[in-house]
Structure formats: structure tokens, C-alpha cells
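K.L.:
Residue strings, one per chain:
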Amino acid sequence: MNTSFIIPKFRLPSFIASVGEKLPQWPHAMVLVTALNTALKLKFLPENELTALNGKSFRVHIRDTGGEAFFTYRNGLFRPLFSRSESPDLSFSAYLSAYLQLMARQEDPDTLFFSRELEVTGDTELGLLVKNLLDSIEWPNLPRLKLGKSI
Amino acid sequence: MKLPDLICPAGSLPALKAAVDNGADAVYLGFKNDTNARNFAGLNFDQKAMTEGVRYAHAKGCEILLAINTFAQAGRVADWHKSVDAAVDQGVDAIILADVGLLDYASQRHPQQRLHLSVQGSATSYEAVNFCQREFGIKRAVLPRVLTLAQVEQVIKNTTVEIEVFGFGSLCVMNEGRCWLSSYACGESPNTVGACSPAKYVKWDKKPGVMETRLNGILIDRFGDEEPAGYPTLCKGRFEVEGDTYYALEEPTSLNVLPILPEIIKIGVRAIKVEGRQRSPAYVTQVTRTLRAALDSLKNGAASYQVKPAWQAELSKVSEGSQATLGAYNRPWR
Ligand code: SF4
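Going down the list, the protein sequences come from chains W and G.
In this text, residue positions in the first sequence follow my numbering: the first is 1, and each later residue adds one.
In this text, residue positions in the second sequence follow my numbering: the first is 1, and each later residue adds one.
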């Protein structure tokens, strides 16, 4: 297997988080929600299984940028939440590198959970459902990210 | 050297394809219902995904083994029968069963269908294995992870049934198929609802500096910020026993047989199984290609076999508790 692009484990310097936390958070939610809705429109996400997410609130927190996004899924669309909800139904917290590795299917969420790089709080069953939904998506033409170096 | 089959897990179509593409000889999976012991929200295959999975695997010369490895619940036996029939219709290469009643049903109803005895069937002796061969015509048995290597060899010597053992994955050692710890805490266990410690009972409480794991309200472990975590099962909790708080039943760890792979092959193990239908395609890719590389390096004999550090690094990374063990295989006591 040839060595191609691998997302390394990295940490952004801590001052970024202290600045990031002071910035308005809704742009993160906008970006995330737009991406999710695009995936919906392109039929990557299994609509019938998404009904279990209806009315639930989510928080995605990036530890090293201090950024966080609050959003919900209602009536077939993901929508940003502009006021931060104190106790979202489901909350993810991880470093940026862990999110990138997850999205590229380079690392397994359980692996990141065991090594404490990914934290899931709130409704655990909902968390498991979201994880399994993401796993079952067949992304067309995934950028050819290779998993690790040759062995 | 004749290599054993590499049997890999899949909880989704992308995971199945990852297993096939990375060198699995067979993939095992389950239907999206409580007839299999990994009945988690969003996981597993409906009929449509199953059809596509079987097609994909067969096109690439890989087998599909379907696990119907829970015990039929009173009043709902028909659901389990239906799953057996559906598996046969899907053209799977073998059905993995644990329940004696279902073995009987499958062997009577579908005498041509290849049947395997699941690890949940808890057959630890050749007498048990041979009984299932005589009565239900099983072709293979998966042995529980409680046997030493010498005990596995003893079984193999005394049966013509193919023997499959676990080679990698999270450990569930408490008398497989008979563990009631999860029922004790939640009233539900693998054999009844198809899941150990179902997620709806699990709560991870994050407080500054610590994370607490609770199962149905019972505190089962507490982790510092950098401390590796494990699955939220009772068997892997830390408990206070006579004044000491420690992993009283089992440490969160993964089985990894790479160091003893040549011995496993030598005693005649027919197939090596990887645990983890609940894991992601990334895990399946990593583990499948690592074990494939290790097995292939044994093609020309064991003399030059060496566990490559890269293999161990890859496997320990995905391990529960980020550590590995040989489990019962090398235990001096029995
Ligand atoms: S409690 Fe532990 S040993 Fe028992 S079934 Fe669950 S994982 Fe297996």
C-alpha cells in the first residue's frame, strides 16, 4: 500500500481556543448545517432512519479551537440553533484532528473514545444511532485518503 | 502451510466492503433485529443491504456468514424462524446459530444449508461439538474465549467439525452465552435483547477532570482525563473489593493472537475470527489488512515468522483500553 495523505494527530495551540470561545458561535452551526443538508439533498443520508433524530438538539464542540455548533433536525432539515442550549440531547467533544480523521474514515470512533480523544455525553443511544448512521453511509468518490502507511 | 480462513465483522455495507477489499475470506453479519447479539440502533443489515452485501462479497470470492446467535424468546419464536428462512433465501454461505431449538429448525427445514455453532452456544468440549454435529449436522464450531491453546487442540483432535477461534477483539469472557451481568444491571442482556449493556442505560457524566460511566444509574467506572476508557459493561467496571478498588472481573483490553499465530495454525484451527460488528469501517480495514498480512507471511512456513512492530502498533491503537492480551490461550491454569 503506498503512502498517501494521512491526517496526523495534532493539537492547535491553546491560545486559539481562548480566542475562539469569545467569537460568535453561529457561523460554525451554519457551516455544519449547510453541509448536512447538502448531504441530505444528495441522498447520502438515509432519510427514513433520520426520523429518530427529529426534534433532538445536538452540540459539536471542537476542543482546540473552542468552537461549538448547536443544531437540531426537524421536519427533514437540519437547522442551526442560535441560542446555546444548556443541555443538548447529544453532545460531541473532540480535537479538530479527531473530527477530520473520523470524516475521512481514517479512525474508528470507538478507538478515539477509548483513547479519550472523543467524548460523547447526553443520550448515549442517540449517540450510537448517529455513529452507526454515519458508518453506513456510502460516500461516492471519497477523496482517496489512505489509512496509515504500508504494512 | 494451509492457512485458516480470516473471518471479519461487518455492521454496515461500507464495513463489509472494507473487509472484502482488505483480504477477509469470509464476513459475518446480522439482520437489523434482535436475532443477533449486536442489536444496536442503526447497526446491521436490512434485506436490501444484505442482498447487496452478499452480491459484493460473492463477486470477489468472499463468503458471507450470517449470525442468528441470540436465543429465541418465548412467544416470538416465529421471528427467529423467519430470520433463518430469510438467511437461506439470501444465499448466505453459512448461518451461525446458538439456540438448540433453532439449530433443530434450520437443520430440518433447510437440510442443505451449512450451519455453524456460534460462540454463544458455549460448546467448550468435543463432546458438545460432536453432539451438535450428530444432531444438527453443524460443519463448524466457534469456541468460546475461555479455553487454553492446549484445550483447543484437544477439541480439534477429537472431532471432524471445523474449529474457529477468536483472533482479535474486545473480550467478553464470562462464560460466553451464559453471562447475566447485563441483566443484573439493566434487566436486558445479549441473549435476551441482543445487546450487552444497551446504550439507553449508559450515561457518561463529564465533570472537570473526570468522566464517570454509569449503567442504569450504577457507577461502574471513573476515568481521569488522559486515562484510556473501555466499553461500559459491568465486567469491565472497577469495583471496591475488600477495601481495594480495581478491575475485579476483567481489565478493559483486547485479545490479540499475533504472537501465537503459528501455534494456532499448527494445531489445525480452521478459521480465525475478528470481533467487532459494532465498530466502524475504519476499524475493519485496519484489523483485516493487519491480520491478512500476518497470515500471508506464514504461507511459506513458520520458521521466519515475526510479529512486525507495525502490526502490533496498528492493532493496539484500535484496542479497547489500548492494550492487548493473549487471553485464556496461554493461561497456565484451567
Ligand atoms: S457483561 Fe461482559 S462478559 Fe458479560 S456479556 Fe457483557 S461484555 Fe460479555
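Hint data in this document are derived by calculation from the structure and do not stem from the laboratory.
Incorrect hints may appear among the rest.
[What the hints assert, rightly or not] Okay, derived cross-link-like pairs now, DMTMM-like style, lysine to aspartate or glutamate, Cα gap no bigger than 25 Å in a straight line: (1) G:Lys207 <-> W:Glu47; (2) G:Lys157 <-> W:Glu125; (3) G:Lys203 <-> W:Glu138; (4) G:Lys60 <-> G:Asp93; (5) G:Lys206 <-> W:Glu49; (6) W:Lys41 <-> G:Glu52; (7) G:Lys203 <-> W:Glu117; (8) G:Lys32 <-> W:Glu49; (9) G:Lys48 <-> W:Glu49; (10) G:Lys48 <-> W:Glu138; (11) W:Lys9 <-> G:Glu227; (12) G:Lys200 <-> W:Asp123; (13) G:Lys200 <-> W:Asp64; (14) G:Lys207 <-> W:Asp123; (15) G:Lys82 <-> W:Glu138; (16) G:Lys157 <-> G:Glu127; (17) G:Lys206 <-> W:Asp123; (18) G:Lys200 <-> W:Glu49; (19) G:Lys317 <-> W:Glu49; (20) G:Lys200 <-> W:Glu125; (21) G:Lys206 <-> W:Glu119.
[What the hints assert, rightly or not] Only some residues are given here: those of chain W computed to face chain G with a beta carbon under 10 Å: (22) Ile6; (23) Phe10; (24) Pro13; (25) Leu42; (26) Gly67; (27) Glu68; (28) Thr72; (29) Arg105; (30) Gln106; (31) Glu107; (32) Thr111; (33) Glu119; (34) Val120; (35) Gly122; (36) Gly127; (37) Ile137.
All C-beta atoms, glycine included, are put in the ideal place defined by N, C-alpha and C.
K.L.:
Checking one constraint from the list: CA of Lys60 (chain G) to CA of Asp93 (chain G), max 25 Å. Satisfied?
P.N.:
Holds, because 14 Å separates the two Cα atoms, which is no more than 25 Å.
K.L.:
Per the CB criterion, is Pro13 (chain W) less than 10 Å away from chain G?
P.N.:
This hint is violated: Pro13 (chain W) lies away from chain G, its Cβ roughly 19 Å from the closest one there, beyond 10 Å.
K.L.:
Holds or violated: is the Cβ of Leu42 (chain W) closer than 10 Å to a Cβ in chain G?
P.N.:
violated (16 Å)
K.L.:
Within a Cα-Cα threshold of 25 Å, do Lys207 (chain G) and Glu47 (chain W) meet the stated pairing?
P.N.:
violated (35 Å)
K.L.:
Regarding the hint that Arg105 (chain W) lies at the interface with chain G, is the smallest CB-CB distance below 10 Å?
P.N.:
holds (5 Å)
K.L.:
Can we keep the Glu107 (chain W) interface hint, with Cβ of chain G closer than 10 Å?
P.N.:
It holds, given that the least Cβ distance between Glu107 (chain W) and chain G is near 5 Å, below 10 Å.
K.L.:
Can the restraint linking Lys48 (chain G) and Glu49 (chain W) be considered satisfied, given a maximum Cα separation of 25 Å?
P.N.:
holds (14 Å)
K.L.:
Verify the proposed pairing of Lys48 (chain G) with Glu138 (chain W), using a straight-line Cα cut of 25 Å.
P.N.:
holds (14 Å)
K.L.:
Please verify whether Lys203 (chain G) and Glu117 (chain W) have alpha carbons no more than 25 Å apart.
P.N.:
At roughly 17 Å apart (the allowed maximum being 25 Å), Glu117 (chain W) and Lys203 (chain G) satisfy the hint.
K.L.:
Need the status of pair Lys200 (chain G), Glu49 (chain W): alpha-carbon distance at most 25 Å?
P.N.:
holds (18 Å)
K.L.:
Was the hint right that Val120 (chain W) lines chain G, CB cutoff 10 Å?
P.N.:
Constraint on Val120 (chain W) satisfied, holds at 6 Å.
K.L.:
Has the given pair, Lys206 (chain G) with Asp123 (chain W), been kept, meaning a C-alpha gap of at most 25 Å?
P.N.:
holds (13 Å)
The structure shown violates the earlier hints numbered 1, 2, 3, 5, 13, 15, 19, 22, 23, 24, 25, 26, 27 and 28.
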